[in-house]
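Asker: Dock chain Y against the given chain B, drawing on the hints supplied.
Protein sequence lines correspond, in order, to chains B and Y. Under numbering that gives the first Met the number 0, the final residue of the first sequence carries the number 496; numbering is consecutive throughout. Under numbering that gives the first Met the number 0, the final residue of the second sequence carries the number 496; numbering is consecutive throughout.
Hints are computed from structural coordinates only; laboratory data are not their basis. We put the beta carbon where it would ideally sit given N, CA and C, even for glycine. Take the hints with a grain of salt, since some may be wrong.
[As the list claims (entries may be wrong)] Among chain Y residues calculated to face chain B with C-beta under 8 Å, some are: (1) ARG119; (2) GLY125; (3) ARG188; (4) MET189; (5) ASN256; (6) ALA259; (7) SER315; (8) LYS318; (9) TYR319; (10) THR375; (11) ASN379; (12) LEU436; (13) HIS477; (14) LEU479.
[Stated by the list, open to error] The list that follows gives simulated cross-link-like pairs (lysine to any residue, SDA-like), each with its CA atoms no further than 25 Å apart: (15) B:LYS403 / Y:ARG471; (16) B:LYS332 / Y:MET189; (17) B:LYS332 / Y:GLU443; (18) Y:LYS446 / B:ARG97; (19) Y:LYS494 / B:GLU481; (20) B:LYS211 / B:PRO182; (21) B:LYS60 / Y:ARG442; (22) B:LYS332 / Y:ARG188; (23) Y:LYS403 / B:ARG471; (24) Y:LYS160 / B:ARG253; (25) Y:LYS160 / B:GLU481; (26) Y:LYS446 / B:ARG121; (27) B:LYS332 / Y:ARG185; (28) Y:LYS60 / B:ARG442; (29) B:LYS75 / Y:ARG442; (30) Y:LYS446 / B:ALA316; (31) B:LYS446 / Y:PRO190; (32) Y:LYS403 / B:LEU478; (33) B:LYS303 / Y:GLU443; (34) B:LYS75 / Y:GLU443; (35) Y:LYS330 / Y:ASP178; (36) Y:LYS446 / B:SER84.
[Said to hold, decoys possible] Partial list, derived from the structure: chain Y residues whose beta carbon lies under 10 Å from chain B: (37) ASN100; (38) MET105; (39) GLN109; (40) ARG250.
Each chain, letter by letter, is given below.
There are 2 protein chains.
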Amino acid sequence: MTQLETRIRNAALRDRVVSADAAARLIHDGMVVGMSGFTRAGEAKAVPMALAERAKTDPLKITLMTGASLGNDLDKTLAEAHVLSRRIPFMSDPALRRAINAGEVMYVDQHLSETVEMLRTRQIPGVDVAVIEAVAITETGGIVPTTSVGNSASFALLADKVIVEINLNQPAELEGLHDIFIPTYRPNRMPIPVVSPESRVGLPFIPVPPEKIAAIVITEKLDSSSTILDPDDETRAIAGHLTDFFLNEVRQGRLDNSLAPLQAGIGTIANAVLHGLIDSPFHDLKMYSEVLQDSTFDLMAAGKMSFASGSSITLSAAKYAEVLPRLAEFKPKLILRPQEISNHPEVVRRLGLICINTALEFDIYGNVNSTHVMGTQMMNGIGGSGDFARNAYLSVFVTKSIAKGGAISSVVPMVSHVDHTEHDVDILVTEQGLADLRGLAPRERAKVILANCVHPDWCPALADYLARAEARGGHTPHLLEEALSWHVRLRDTGKMA
Amino acid sequence: MTQLETRIRNAALRDRVVSADAAARLIHDGMVVGMSGFTRAGEAKAVPMALAERAKTDPLKITLMTGASLGNDLDKTLAEAHVLSRRIPFMSDPALRRAINAGEVMYVDQHLSETVEMLRTRQIPGVDVAVIEAVAITETGGIVPTTSVGNSASFALLADKVIVEINLNQPAELEGLHDIFIPTYRPNRMPIPVVSPESRVGLPFIPVPPEKIAAIVITEKLDSSSTILDPDDETRAIAGHLTDFFLNEVRQGRLDNSLAPLQAGIGTIANAVLHGLIDSPFHDLKMYSEVLQDSTFDLMAAGKMSFASGSSITLSAAKYAEVLPRLAEFKPKLILRPQEISNHPEVVRRLGLICINTALEFDIYGNVNSTHVMGTQMMNGIGGSGDFARNAYLSVFVTKSIAKGGAISSVVPMVSHVDHTEHDVDILVTEQGLADLRGLAPRERAKVILANCVHPDWCPALADYLARAEARGGHTPHLLEEALSWHVRLRDTGKMA
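So here's chain B without its partners, still in its complex pose:
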């Protein structure tokens, strides 16, 4: 068999191979397009580039839905080509961010488990064309995704037409890694049968009727590697505080040495925290998360982690070079699921996850801002953090206590935007220490946070705010006229105080 025959096993579909330009012509102005891609992994690569190129002479605007953020500068390219009128449900590109904050692109920042739920109930406009990167199409027309599942399965099932990008450089060994399960539609939904990170409950491909596959494009471009930074003193300190906390939980008999299935948000700090578990006494760790980063494979290589379920694999260049050749070895320990399932409240609550996500800032009462710089400027989006934090066994948020060389305290009197309320935050950690908020009232939380998480430079000002607020009274004491003044000063002077 030729390589094309092994990658497109349904013979009748082989004559649908066209150029990216030709495939992109299936997309018209005003359409809703659902593309594969979740945190720089497994995104459709050729068709969006062709669309941006075409827009130079033939302007068009689309609503773009994906799993999450895209690699290969695609969000940047599409934003700069003015192709995007609306973007759903997550992004992290600086150029697109500028367009969103300027009000040029309408950004619908959603809990990542919810997009396809709203699509299938037609509460948001339906997908006209789906564009899905695949390693192969099966004999029956099933689409085998690459390094992410994201929303690809539901996009393909719900779209009028599907464009498949067969990526010859994505390893064929990815086939068998995916577990495509679509919940039965309400009102007749049955329980989702996932009862452990290892549960396989679906198909290894997206079961699309072959006649819906309108075009196939052959590509070779690789995923972008992740941009996470190496652990530093502060992230190591955060990891240390959290490890100490877990050790105490084990001593108290609330956890055993395999802890509970772990979720960790994307990014440097969460990756560093997981990395820190390599030197811990914990073992047989499991993940039930959305993105599997370098730390997952480091923990497996160290013999600390026995299984990981996610919706995508996003690695640094060095880690890709290490993992991809050994994929067959890792495969029995991995599952990639639709993000609706990796993040599903039902499953998150059932499995009892320890969820570690990153805060931009948090306040003295434990409310967390994950998304908005100074309450107004979108950073990336809430992503899956809300799916996980609300339903976690333990909801942990981590951040460094200061930013911009000390001009910013990450602990503030009142957060300028709330993504996670006081009800959804159990543990806060900075390099200064860890605050355990479980079972505490707001005034008690403030004391624990001030005693443990705040940078010494900012302690006096926060303590002063709290004392004056408490003197005024209330369940959650605040001086409303000052509550956001730290952000106002930062905006006006470049420093919070």
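Answerer: This is chain Y only, laid out in the frame that chain B set:
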């Protein structure tokens, strides 16, 4: 059989009948006490009164956990007797509210589905003594609750000792109404098998080992009736807007004429909204809610509602007089569940509920404050609204557009406290109109909210704020130095502007 024999069918337990004073002596200073009671229904009545009485001469402090708020002024009596050091997870009494806002009682305001989850994983201190109102104790020692289940089942199962209050005036016909299901403990939890409001998956009693029942007290006091007000012009208008919206959803093919299972928060407005469905073309309505109020029985009597699942029944005096004698007739259409199950994210998401909850205020971007007056003073608590809104098929929040004779706009530039983020709010309704926020970015939401929900007196000021904020830019434009100024003015002058 004597009445006592029919109510305490396990003969060996009959000699544990003692006075309320004697039973209350099982409770010591510093203990955690878990009592039955959910929104004025089915609370333990005699033992807490005895405890308050005893505290006059023998001061003691306890942590009191319940299902939700208590009737018969128990929270008031306990607060005024200074018996409460800590109160979990919901209350609505003015005297207790004052003590909480003064910082005298530590109030841990929780999502109502989560309290027992934290208890059984020992993340909050365990229950020493449970006090449960019951209509009967079965032959095997099973406790049959009265008009609420709340957290009673887990309190009784987890406590060291159980006190049962057999209430002779709670109708024996309540037996058979309850469905006591406790999820298997993590990490081996199986799916919760509830797949429709009608699903019966548990036992009709709380299966407690008889030796744990340390005392039985005989009582006769009735539940307090609810304090909801009759529909008025504004609540009728809110109901009308929502009915029109549902009619359009049916026309669009997104719902059929039986809508989806309904949840409605406690209180006058939500009750009025449900009441408004009596005059609608909808039929075969079902509820999957926490509190079943007058409107549930009015809809059943009108032939509009075929089934209702909840965690308690809380009625006005008139409705009690009507419903209790006809309990046998209503019983096949009712189930009362533990609040962990009535509010469980897994079940809420699976069933695809339409959730209608009350906002204190909301902002121009759709964030909702349900709990804190002026960001500081606790009103009641978040209750189940977060369990429902996050996982709803349609998350609706309702409120009147103004309060205090027009001094307060319920729509503000920025809410002074966030309980429900923009991500969890689909529909906002005031008597002015309805804003459908589904699939909209923040700037779009602001336009829809201003056009539909705001009282005309407050429109110019909000439009001015929005215009000046948009000129500054951002995904969620705000003027941080002014964002809370409406609340500050209200505090200082008694009027928001």
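Asker: All hints, please: hold or fail.
Answerer: For each hint, the structure was consulted:
1. ARG119: violated (11 Å)
2. GLY125: Interface hint status for GLY125 (chain Y): violated (11 Å vs cutoff 8 Å).
3. ARG188: holds (5 Å)
4. MET189: holds (6 Å)
5. ASN256: Hint violated; ASN256 (chain Y) Cβ to chain B Cβ min 13 Å, cut 8 Å.
6. ALA259: holds (7 Å)
7. SER315: violated (29 Å)
8. LYS318: violated (29 Å)
9. TYR319: violated (32 Å)
10. THR375: holds (3 Å)
11. ASN379: violated (11 Å)
12. LEU436: At 10 Å from the nearest chain B Cβ, LEU436 (chain Y) fails the 8 Å test, so the hint is violated.
13. HIS477: holds (5 Å)
14. LEU479: With a minimum Cβ separation of about 5 Å from chain B (threshold 8 Å), the hint on LEU479 (chain Y) holds.
15. B:LYS403 / Y:ARG471: With Cα atoms ~23 Å apart, LYS403 (chain B) and ARG471 (chain Y) stay inside 25 Å; holds.
16. B:LYS332 / Y:MET189: The hint holds at about 22 Å.
17. B:LYS332 / Y:GLU443: violated (44 Å)
18. Y:LYS446 / B:ARG97: With Cα atoms ~22 Å apart, LYS446 (chain Y) and ARG97 (chain B) stay inside 25 Å; holds.
19. Y:LYS494 / B:GLU481: holds (19 Å)
20. B:LYS211 / B:PRO182: Holds. LYS211 (chain B) to PRO182 (chain B) sits at ~21 Å (cutoff 25 Å).
21. B:LYS60 / Y:ARG442: With a Cα-Cα distance of about 19 Å, the restraint between LYS60 (chain B) and ARG442 (chain Y) holds, given a limit of 25 Å.
22. B:LYS332 / Y:ARG188: holds (22 Å)
23. Y:LYS403 / B:ARG471: Between LYS403 (chain Y) and ARG471 (chain B) the Cα gap is close to 23 Å, so the pair holds against 25 Å.
24. Y:LYS160 / B:ARG253: Cα-Cα ~22 Å, so holds.
25. Y:LYS160 / B:GLU481: violated (49 Å)
26. Y:LYS446 / B:ARG121: holds (22 Å)
27. B:LYS332 / Y:ARG185: Holds. LYS332 (chain B) to ARG185 (chain Y) sits at ~22 Å (cutoff 25 Å).
28. Y:LYS60 / B:ARG442: It holds: about 19 Å lies between the C-alpha atoms, which stays within 25 Å.
29. B:LYS75 / Y:ARG442: Holds, at roughly 22 Å.
30. Y:LYS446 / B:ALA316: Answer violated: LYS446 (chain Y) to ALA316 (chain B) is near 45 Å, above 25 Å.
31. B:LYS446 / Y:PRO190: Since the Cα atoms of LYS446 (chain B) and PRO190 (chain Y) sit roughly 39 Å apart, the hinted pair is violated (cutoff 25 Å).
32. Y:LYS403 / B:LEU478: Roughly 23 Å separates the two Cα atoms, so the pair holds.
33. B:LYS303 / Y:GLU443: Violated, at roughly 48 Å.
34. B:LYS75 / Y:GLU443: Holds, because 23 Å separates the two Cα atoms, which is no more than 25 Å.
35. Y:LYS330 / Y:ASP178: The hint holds at about 12 Å.
36. Y:LYS446 / B:SER84: holds (17 Å)
37. ASN100: This hint holds: ASN100 (chain Y) lies near chain B, its Cβ roughly 5 Å from the closest one there, short of 10 Å.
38. MET105: holds (4 Å)
39. GLN109: Hint holds; GLN109 (chain Y) Cβ to chain B Cβ min 6 Å, cut 10 Å.
40. ARG250: Since chain B brings no Cβ nearer than about 13 Å to ARG250 (chain Y), farther than 10 Å, the hint is violated.
Comparing the model with each earlier hint shows violations of hints 1, 2, 5, 7, 8, 9, 11, 12, 17, 25, 30, 31, 33 and 40; every other hint is respected.
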